[in-house]
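Student: Work out the full structure: start from the sequences and follow the hints.
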Amino acid sequence: MGSALQQSDQRIDEILGRLLRTGVALAALVVFVGGAVYLNRHYLPVTNYHVFQGEPPELRTISGILRESLAFRGRGLIQLGLLILIATPVARVAFSVFAFLYQGDRKYVLFTLVVLGLLVFSLLGGCG
Amino acid sequence: MNTLEFTAFVGAGALLAGFLGSLTGLGGGVVIVPLLTLVFGVDIRYAIGVALISVIATSSGAAAAYVREGYSNVRVAMFLEIATTVGALVGAAVALHLRVSVIAILFGLVLIYSAYASIRQNPYPTEDLGPDRIASWLRMDSTYPTPNGLQSYHVRGVPLGFGLMFGAGALSGLLGIGSGAVKVLAMDKAMKLPFKVSTTTSNFMIGVTAAASAGIYLSRGYVDPGLAMPVMLGVLAGSLAGARVLAVAQVRVLRLVFSIVIGFLAIEMIYNGLTGKL
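Line by line, the protein sequences give chains R and V.
So for the first sequence, the working numbering puts the first residue at 49; every next one is plus one.
So for the second sequence, the working numbering puts the first residue at -8; every next one is plus one.
Just so you know, these hints were derived from the structure itself, not from any lab.
Keep in mind that a hint or two might mislead.
Chain R stretches covered by chain V per the calculated footprint, using a threshold of three residues with CB under 8 Å from any CB of chain V [what the hints assert, rightly or not]:
#	stretch
1	104 to 118
2	152 to 162
Have a look at the derived ranges for each label pair, beta carbon to beta carbon [unchecked claim]:
#	chain 1	residue 1	chain 2	residue 2	range
3	V	K187	R	L172	30 to 38 Å
4	V	F255	R	Y91	30 to 38 Å
5	V	K187	R	R66	16 to 24 Å
6	V	H88	R	L161	27 to 35 Å
7	R	Q58	V	Y107	31 to 39 Å
8	R	F100	V	I258	17 to 25 Å
9	V	Y262	R	N88	35 to 43 Å
10	R	V168	V	I251	37 to 45 Å
Glycine included, each C-beta is placed from N, C-alpha and C at the ideal position.
Tutor: See below:
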């Protein structure tokens, strides 16, 4: 591996690192804000987590979560933050596609696209 | 107990878990699930959903640092992520049909292995066996920084590594863990990567694997915001604190103590699974 490739690898690695950190920080901020709104009703008895009921549909789909967030509801905002968190590694993979394109590495553009495709498939709910 | 009190307790537990997890390298999911199910009595499905979230949070934060230092092998990670992602999707799909008690027992077993692997940190002595045809075709050979400059290494055992990574991904999707231990095992022993490259590349991959499963669990309604909020924030804060302390900490002793605790938790989880309490 030539040193030019190593240098561009290094630059790419640095951007990747910053991307990850930013994504996590943004997600944490949104979750925190959502948490504050949610805890505003802190006098309510806590949900019984011992019995599994599953979340209501508006907290399970991307459109539902966006709707709840725009209505400034705590739980919706938290789910939005979680979505941002899950999207962070996905964004990292997407960025890698461009990085490999820039390096002219066609094999790895393909591999990365496959992973990206699988991730998007899962984000859309998979087949469950 | 009202929501605020519950949030505070769970947050404190998550903080401790994140702190100890980052110091000992025993990860988030492995601690969060027993903590929530055994201590807080949370149904294991909620626990796994939330654990996946905390795994993404902590590993993305840590991976950022490792990548910067130049240890992780991005090509190895990217290629193997095909295997881990498919594995995660399969694992998540299977989890839907497994009885909760079976998941609990499986979790306990993996927990025991993780604790054992953590104590027996026995890195494979790095002997350079020369270039491998598949690895060369995939341009995986690389270098890592040492005090004496960049040290190059060859990658081997790609098919076996790929197969093991599928297993790691399946475990992740099934149990809500990062499967870091299995990943490191695959890269260290099967693919003959230098140990530090294995651990950092594994950290780099964990977030992607967990994200694959997390998306499915979220849409299935397994991720509860009221529970995820204190856990995610607590674990993040804890692991940030742990990273600060890492340089001065007596990691060996901590790891031993932590592994013993994990071992007991594992036994309790298996017991609860067998007696149908979970």
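Student: None of the hints should be skipped; say for each whether it holds.
Tutor: Consistency of the hints with the structure:
1. Judged by the Cβ-Cβ criterion of 8 Å, the stretch 104 to 118 of chain R is covered by chain V as claimed, because 5 of its residues qualify and three suffice.
2. Under the rule that three or more residues need a Cβ within less than 8 Å of chain V, the assignment of the stretch 152 to 162 of chain R holds, with 6 such residues.
3. Taking the beta carbon of each, K187 of chain V and L172 of chain R are about 37 Å apart, inside 30 to 38 Å as hinted.
4. For F255 of chain V paired with Y91 of chain R, a C-beta distance near 37 Å keeps the hint of 30 to 38 Å intact.
5. Separated by about 22 Å at the C-beta atoms, K187 of chain V and R66 of chain R satisfy the suggested range of 16 to 24 Å.
6. A C-beta distance of roughly 30 Å is found between H88 of chain V and L161 of chain R, which places it inside the suggested range of 27 to 35 Å.
7. Between Q58 of chain R and Y107 of chain V the beta carbon distance is about 36 Å. The supplied range of 31 to 39 Å therefore holds.
8. F100 of chain R and I258 of chain V have their C-beta atoms about 24 Å apart, which keeps the hinted 17 to 25 Å range intact.
9. Under the hint 35 to 43 Å, the C-beta atoms of Y262 of chain V and N88 of chain R, about 40 Å apart, fit the expected range.
10. Checked against the given bound of 37 to 45 Å, the beta carbons of V168 of chain R and I251 of chain V, roughly 42 Å apart, stay inside it.
Checked against the numbered hints given earlier, this structure breaks none of them.
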